[in-house]
Structure formats: C-alpha cells, structure tokens
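Peer 1: Next come the chains, spelled out residue by residue.
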Amino acid sequence: MKIAITTTAPQLQAQLDPRFGRCAYLLVVDSETMEFQAYPNPAINAPGGAGIKMAKFVSDLKPDAVISGDFGPNAAEALRSANLAMYLFGESQSVQDVIERFKTGKLTRF
Amino acid sequence: MTNRDSLKIAVASGKGGTGKTTVATALALSLAEDTSKPILFLDCDVEAPNAHLFLKPQFREEKPVEILIPEVNEELCTYCGKCAEVCQFQAIAVLSQRVLVFPQLCHGCGSCTMICPTNAIHETPKTIGVLQKGTAGEIEFARGVMDIGEPMAVPIIRQLKKWVAPLKPKITIVDSPPGTSCPVVESIRGSDFLLLVTEPTPFGLHDLKLAYQVAKELQIPAGVVINRENGVYEELDEFCAQVNLPVLMRIPFQRVIAEGIAKGENLLNILPEMSEDFQNTMDVIKTLVKKGK
Amino acid sequence: MKNLVILSGKGGTGKTSITAAFANLAKNGNPPIKTVLADADVDAANLELVIKPKRVASHEFIGGEIAVINPDTCIRCGICEQICRFDAILPPDSTRAAYQVDPIACDGCAACVYQCPEGAIQMQPQKAGYWYHSSSPFGDLFHADLIPAQENSGKLVTIVKQNGRLQALDSGASLLIVDGPPGIGCPVISAVAGADLGVIVTEPTPAGAHDLERALQTVQHFRIPALVIINKADLNPDMTQAIKDASKERNVDVIGEIPFDPLITTAMKQGQDIITYQPNSPASQVIQTIWKKIIIRLSLSGEEL
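Here the protein sequences line up with chains A, B and C, keeping their order.
No gaps in the numbering here: position 62 of the first sequence is 62 in our numbering, and each next residue is one more.
No gaps in the numbering here: position 178 of the second sequence is 178 in our numbering, and each next residue is one more.
No gaps in the numbering here: position 165 of the third sequence is 165 in our numbering, and each next residue is one more.
Treat the hints as calculated values from the structure; they're not laboratory data.
Every residue gets a Cβ at the ideal spot worked out from N, C-alpha and C, and that includes glycine.
Keep in mind that a hint or two might mislead.
[Said to hold, decoys possible] One side of the interface only, derived from the structure: several residues of chain C facing chain B at Cβ under 8 Å:
| id | residue |
| --- | --- |
| 1 | 10 |
| 2 | 13 |
| 3 | 49 |
| 4 | 169 |
| 5 | 170 |
| 6 | 211 |
| 7 | 236 |
| 8 | 269 |
| 9 | 272 |
[Unchecked claim] Okay, derived cross-link-like pairs now, DSS-like style, lysine-lysine, Cα gap no bigger than 30 Å in a straight line:
| id | chain 1 | residue 1 | chain 2 | residue 2 |
| --- | --- | --- | --- | --- |
| 10 | C | 2 | C | 27 |
| 11 | C | 52 | B | 82 |
| 12 | C | 34 | C | 293 |
| 13 | C | 52 | C | 293 |
| 14 | C | 293 | C | 269 |
| 15 | C | 244 | B | 263 |
| 16 | C | 54 | B | 209 |
| 17 | B | 170 | B | 82 |
| 18 | B | 291 | B | 168 |
| 19 | A | 62 | B | 209 |
| 20 | B | 209 | B | 126 |
| 21 | B | 56 | B | 168 |
| 22 | B | 161 | C | 127 |
| 23 | C | 293 | B | 209 |
| 24 | C | 248 | C | 269 |
| 25 | C | 2 | B | 216 |
| 26 | B | 126 | B | 161 |
| 27 | B | 56 | B | 216 |
| 28 | B | 216 | C | 248 |
| 29 | C | 292 | C | 34 |
| 30 | B | 209 | C | 248 |
| 31 | B | 263 | C | 248 |
| 32 | A | 2 | B | 170 |
| 33 | C | 127 | B | 216 |
| 34 | C | 34 | C | 52 |
| 35 | B | 263 | C | 269 |
| 36 | C | 52 | C | 244 |
| 37 | B | 286 | B | 168 |
| 38 | B | 209 | B | 82 |
| 39 | B | 209 | C | 2 |
| 40 | C | 2 | A | 106 |
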C-alpha cells in the first residue's frame with residue numbers, strides 16, 4: 001500500500017510533522033518494502049489555503065491513505081471529496097512506528 | 001477628499017486592550033453635548049465590535065454584506081483546472097473530476113469566472129457580515145459585524161464606509177480594529193486625524209511605534225492618548241517627543257475606571273468631569289488638522 | 001516534547017505577561033523543565049520585551065504578492081480598472097502616463113494579471129517582515145516582526161512555531177510554549193495546530209466573555225484540550241462567575257482566577273516578568289498554583305494527576 005505521511009525532513013528517520021497543510025515534507029511510503037519518495041510541501045509558502053493546495057497535491061499522487069497529526073476543515077473536505085482515507089498518527093514517534101500502527105489498525109480514522 | 005467643514009477622526013491602537021473603544025466612545029459623547037454639530041460614530045472593529053456596549057444605540061436599518069463567489073455548472077465544466085490555477089487563495093480546487101469551492105477562502109475577485117473557457121462558472125452572492133445603522137442619543141451610530149467563521153474583515157469595512165458616505169456628518173469618529181495590518185489601514189484611510197491610544201508600558205510603547213509607522217505611511221497627522229497613566233514612564237514621552245507626536249491627553253490609572261468599564265459603563269458616566277478634557281482635546285485636534293493642511 | 005499554546009480571544013488580557021511568568025516557572029521549577037518559546041503574536045510581538053533575549057539569527061519574511069503594471073508595455077486599455085473589484089487600479093493622469101496599482105488597496109487576487117491583453121501586469125512578492133531566533137534566560141525564543149500595514153497571515157506564525165518545534169526537538173527540550181495571537185482567524189488556527197494543551201486567558205468584561213466563547217470554539221474544533229484562566233478576576237465578580245458557568249457548560253476547567261495586580265504592569269516596565277519581580281505578590285502566587293496544574297496536565301511534573 002502507498003501511504004502518505006507528513007514529516008519534517010525528507011528521510012524515513014524524520015520527525016513526524018503534526019500539520020497537514022503546512023508540513024515541511026510529504027513522504028509516500030510503500031508499506032511493504034519501506035521504499036519511499038519524499039516531496040517538499042508545494043503549499044508551504046501559500047499565504048492562505050495551504051491545506052487545499054496540499055490536498056490537491058496529495059490526491060494527484062493517489063496514495064491509499066494519508067496520515068498526519070491533524071487535518072484542517074478545508075483540507076479534510078478536499079481529501080474526502082478525492083476519496084482519500086485520512087488517519088491521525090496520534091502518539092506515533094516515527095515513520096516506521098506509523099506504518100506499523102497503520103498495518104495493525106491502531107491508527108484513528110479522521 | 002473631505003470637505004472643509006467636516007472632520008474625520010480615527011481612534012486606533014497598535015496593541016489590543018489599551019482602551020481604544022473607551023476613548024472613542026467618550027470622545028463622541030463629550031462632543032454630542034453640543035447638539036448643533038451632528039456626529040457619526042463608526043465602529044470598524046468588525047471582528048469584535050464592542051462600542052455598542054458603551055453607547056447603547058437603537059438600530060433602525062440593516063444591510064447584509066455580500067461578496068460574489070463562484071458556482072460551477074458541472075455539466076459545462078471540462079475540469080481543465082484553469083480556475084484553480086488563477087485563484088491566488090486556493091478557494092477553488094479541481095480534484096479528480098470534481099470542482100470544490102471554499103467560500104471562506106474566496107475574496108470575491110471574479111478571476112475564476114472570467115478565465116473559465118466554457119463559461120461554466122457564474123457568481124452568486126454570499127453574506128459575510130451585516131451593516132447596522134441607528135442612533136445613540138444625538139449620535140448617529142453605524143457598525144459592521146463579521147459573521148463567525150469568516151476570515152475577511154476588509155470588505156465589510158469598505159462597504160460600511162461606502163454605506164454611510166451620504167450621511168455627511170460634521171464630525172466622524174472611527175473606532176478602528178487593533179493591530180497594524182490590512183483591516184486597520186482600511187479603517188483609517190481617508191481620516192483627517194489619527195488618535196492613537198496607548199498605555200505607559202513597554203508593550204504599549206512597542207505597539208505605539210508600529211501604529212505610528214502606519215500613520216506616517218498614510219500621511220495622516222496623529223496624536224496620542226496615554227491611558228491608565230500611573231507614575232512616569234519616561235520612554236513613552238521620549239518617543240513621542242522624538243518623533244513629534246503630540247500627547248493630547250493623559251487618563252490616570254484608577255481602579256474605579258477599570259471596574260466601571262468591566263461592567264460596561266462608559267468613561268463619562270464614571271468620571272463626568274472628563275467631558276471637558278475631551279472637548280479641549282478636540283479643539284487641539286482641530287488646530288493640528290488645520291496646520292497640517 | 002509537549003506543546004502548550006497560550007491564547008486570548010481579545011487583546012490586552014495579560015496573555016504575554018502570563019506566558020513570561022510560565023517561562024520563568026518552567027526554567028526554575030523543581031525539577032526544571034527545558035523549554036523553547038515561540039511568540040506567535042506576530043502583529044504585536046511583545047514577549048521579548050519581558051524576557052530580554054539576545055538575537056542569534058534574523059531572516060527576511062516574504063508575505064503576499066501584489067500586482068505591478070509595467071508602464072512601458074501598458075497600452076492604457078483600462079481593462080484592469082474595469083475588472084478590479086478592490087478599486088486598486090489608478091487611471092493615467094498628469095502624474096502617471098500608464099495605469100498604476102495602489103499597493104494598499106490591492107488585494108493580491110491577480111485577476112488583472114490574467115485579464116491584461118498585453119501581459120503588462122505581474123505579481124510581485126512583498127517583504128512583509130522578519131523572523132528571529134534568540135536566546136533568553138528561560139530558553140531559546142523564536143519570534144517575528146511584521147512590517148506595519150502588511151497582511152498578517154498564518155504563514156509567519158507557522159515559520160515561528162515550526163522553528164521553535166524543531167529547536168525543541170534538536171535540543172532535547174521537553175516543552176514548547178507558544179504565545180498565540182488574539183482573535184479567532186487564520187493566525188490563531190496556525191498557532192493552535194498540533195498543540196497538546198490550549199490555555200485561554202480572558203478577563204471579566206462583556207467583550208472578554210464574548211471573545212472567550214469564540215476562542216473556545218476554535219480550540220475545540222481542533223480537539224485540543226482547553227483550560228481557562230480569568231485575569232483581573234476581582235474587577236467584576238459577577239462576570240467572573242458567568243464565565244465560570246459558561247466554561248462548565250462546555251466542560252472546560254477554569255484553573256485560576258488571577259486578581260487585578262498593578263505589580264504585573266510595574267514588573268513589565270522594569271522589563272521583568274512578575275515572578276522575577278515580586279515572587280510573593282498576589283498575582284504571582286496564583287500564577288504558581290496555575291502552573292502546577294498545567295504541568296500536571298501535560299504530565300511534566302513527575303506527580304500523578
């Protein structure tokens with residue numbers, strides 16, 4: 001499965017970024033092989049509506065799920081209408097941790 | 001431009017909570033004692049309009065504030081994405097064969113409607129607030145109120161100013177929002193004088209310096225009211241002297257004032273003798289405005 | 001690492017003075033809590049005035065864009081003026097040969113850029129301010145200055161907060177305190193996102209009570225646990241009671257009532273926080289009790305709830 005996760009740096013060891021719209025990076029991770037692709041947030045400099053711009057960017061990558069610390073109301077609406085499943089990483093400490101919890105169904109569905 | 005026998009004074013403060021509304025309403029009440037000069041009070045603090053708590057106006061007229069937002073006809077839409085491309089505010093998004101409009105982000109500029117190659121977008125009004133007009137004793141009172149959840153104050157302030165333009169009062173008192181960003185600039189633009197309310201603290205001084213920058217940029221003559229003065233705060237007076245910003249009034253710190261305001265009383269009810277101070281301040285303002293012209 | 005955000009619906013409630021006192025109590029507590037501070041009230045960034053930091057680094061901040069017309073390629077057709085809904089296009093006159101944009105009125109919508117038949121209009125980014133990394137006796141501080149009359153936005157708040165967060169993680173700090181902006185709009189949403197606890201400072205006035213309600217709605221929308229502090233509580237006991245009742249209805253605890261204490265202002269004039277200035281003043285005592293409750297909530301005290 002292709003999982004999109006918001007992080008503060010373009011590595012698997014990166015800290016998780018709790019904000020969706022203004023995260024530093026988006027990691028798209030293959031949950032089986034842990035292969036990943038890192039994208040800098042194209043919306044980080046948007047004066048407003050960063051969540052929507054990011055939602056559009058993510059939806060074009062067509063992941064199976066999007067995981068972040070939280071989703072603003074606009075981002076959530078955009079992701080929902082693109083039929084993307086949203087999850088909160090909650091207490092997870094790392095990308096690895098998030099993927100484990102996702103696989104075992106321990107993440108909260110947004 | 002304002003004509004010669006009308007005067008528009010904006011009351012502002014860089015920092016919130018300095019007593020801006022207290023001063024603006026007291027000034028209006030003291031001037032209203034001379035009934036020969038009609039006064040208009042304009043509450044432009046549309047995010048947190050509080051002047052009515054002190055002036056207790058009766059509202060007689062109301063008008064919604066609307067902006068035009070896009071509505072997409074999906075039968076004509078080809079999902080080309082041009083609308084989303086030109087929108088600077090991400091208020092319209094094209095996601096996998098769906099177009100989403102986010103009315104709260106839309107500035108109502110019409111760019112998406114104009115650019116759409118298949119004319120699939122038309123515009124529909126959306127209410128973002130309301131304008132109200134009435135009287136408080138001898139004072140004409142008007143205000144704008146932003147709807148909860150709306151982020152854009154500037155169009156409401158702009159429409160409020162247009163709405164009251166035909167009233168042609170002798171004196172207009174504008175209660176501006178706090179801070180120094182766009183809504184403040186929109187509120188005080190076109191005023192003849194800017195009355196900056198501050199308090200004698202490092203916070204007050206820091207934010208007064210910012211407010212002074214705005215006055216300078218807009219080339220509006222300004223003066224200062226020091227509220228809650230409690231002993232000397234030299235740095236504040238030094239700054240005012242240094243940039244030639246006259247201190248027009250000093251309101252002493254008194255617990256009785258703080259308590260009265262907390263209960264929603266206006267300053268002149270608490271200390272009626274201050275009315276004269278405000279009238280004198282007004283005379284100084286008139287002289288300063290004349291000198292500036 | 002825990003993230004605490006201090007908010008107030010209305011300006012002037014004492015939020016920043018209380019934040020500075022908390023920073024002191026964190027540093028000098030038993031055990032001390034290593035803290036990073038972020039002043040997200042970028043419209044009126046006052047925290048540095050009471051904690052006296054030394055600047056470590058300054059960075060330029062580029063905000064929104066405005067339209068600029070190239071007078072050499074403008075053919076004076078007037079389309080831009082017709083379509084602009086913000087009255088921001090000034091027609092040619094004796095002082096200007098071509099159409100010109102009024103930078104204050106320009107909303108930055110770029111409609112004119114796309115409608116100009118000659119491509120004579122471009123958007124230009126505006127330098128909107130600076131952001132800083134400083135070091136203070138109570139920990140690293142991240143803060144910013146907006147250039148007056150520039151648009152405030154969530155973006156600068158995010159930069160300040162994000163850098164504070166990264167510094168906290170890198171330096172092994174266990175707490176990030178964010179001094180949030182007043183109001184309920186975009187900057188507030190940026191300040192509260194990702195917080196573990198929101199503390200709202202209000203005052204017992206009609207405006208304070210009204211704006212508290214709006215601030216609580218915002219915090220609860222983001223499912224962030226909220227606590228309320230009533231500052232200057234004895235100025236209007238009836239209103240204080242009304243705020244307590246309203247908070248109870250929303251299931252929010254009022255964790256302290258700070259009495260009106262002029263020493264807070266005196267301390268600020270000395271460039272000190274109230275705990276440094278007068279640790280035993282009435283307000284200081286209440287603030288210390290409040291702080292104990294907050295660190296228990298954040299599980300930073302070592303004590304059980």
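Peer 1: Are the Cα atoms of residue 286 of chain B and residue 168 of chain B separated by 30 Å or less?
Peer 2: This hinted pair holds, its Cα atoms lying about 18 Å apart.
Peer 1: Please verify whether residue 52 of chain C and residue 244 of chain C have alpha carbons no more than 30 Å apart.
Peer 2: violated, 35 Å
Peer 1: Given the hinted pair residue 34 of chain C and residue 293 of chain C, is their Cα-Cα distance within 30 Å?
Peer 2: holds, 18 Å
Peer 1: Does the CB of residue 49 of chain C sit less than 8 Å away from some CB of chain B?
Peer 2: holds, 4 Å
Peer 1: So if I understand the rule, the pair passes when the alpha-carbon distance is 30 Å or less; does residue 2 of chain C with residue 216 of chain B pass?
Peer 2: Violated. Residue 2 of chain C to residue 216 of chain B sits at ~42 Å, over the 30 Å cutoff.
Peer 1: Verify the proposed pairing of residue 56 of chain B with residue 168 of chain B, using a straight-line Cα cut of 30 Å.
Peer 2: holds, 22 Å
Peer 1: Please work out if residue 291 of chain B and residue 168 of chain B have their alpha carbons no farther apart than 30 Å.
Peer 2: At roughly 23 Å apart (the allowed maximum being 30 Å), residue 168 of chain B and residue 291 of chain B satisfy the hint.
Peer 1: Taking 30 Å as the top limit, are the C-alpha atoms of residue 248 of chain C and residue 269 of chain C close enough?
Peer 2: This hinted pair is violated, its Cα atoms lying about 36 Å apart.
Peer 1: Decide if the proposed pair is consistent with the structure: residue 127 of chain C and residue 216 of chain B, CA atoms, cutoff 30 Å inclusive.
Peer 2: Judged against 30 Å, a Cα distance of about 18 Å means the pair holds.
Peer 1: Tell me if the straight-line CA distance from residue 62 of chain A to residue 209 of chain B falls inside 30 Å.
Peer 2: Violated, because 50 Å separates the two Cα atoms, which is more than 30 Å.
Peer 1: With 8 Å as the cut and Cβ atoms as the points, is residue 13 of chain C at the interface with chain B?
Peer 2: holds, 6 Å
Peer 1: So if I understand the rule, the pair passes when the alpha-carbon distance is 30 Å or less; does residue 52 of chain C with residue 293 of chain C pass?
Peer 2: holds, 27 Å
Of the numbered hints stated above, those contradicted by the structure are hints 4, 5, 9, 11, 17, 19, 20, 23, 24, 25, 27, 28, 30, 32, 36, 38, 39, listed in ascending order.
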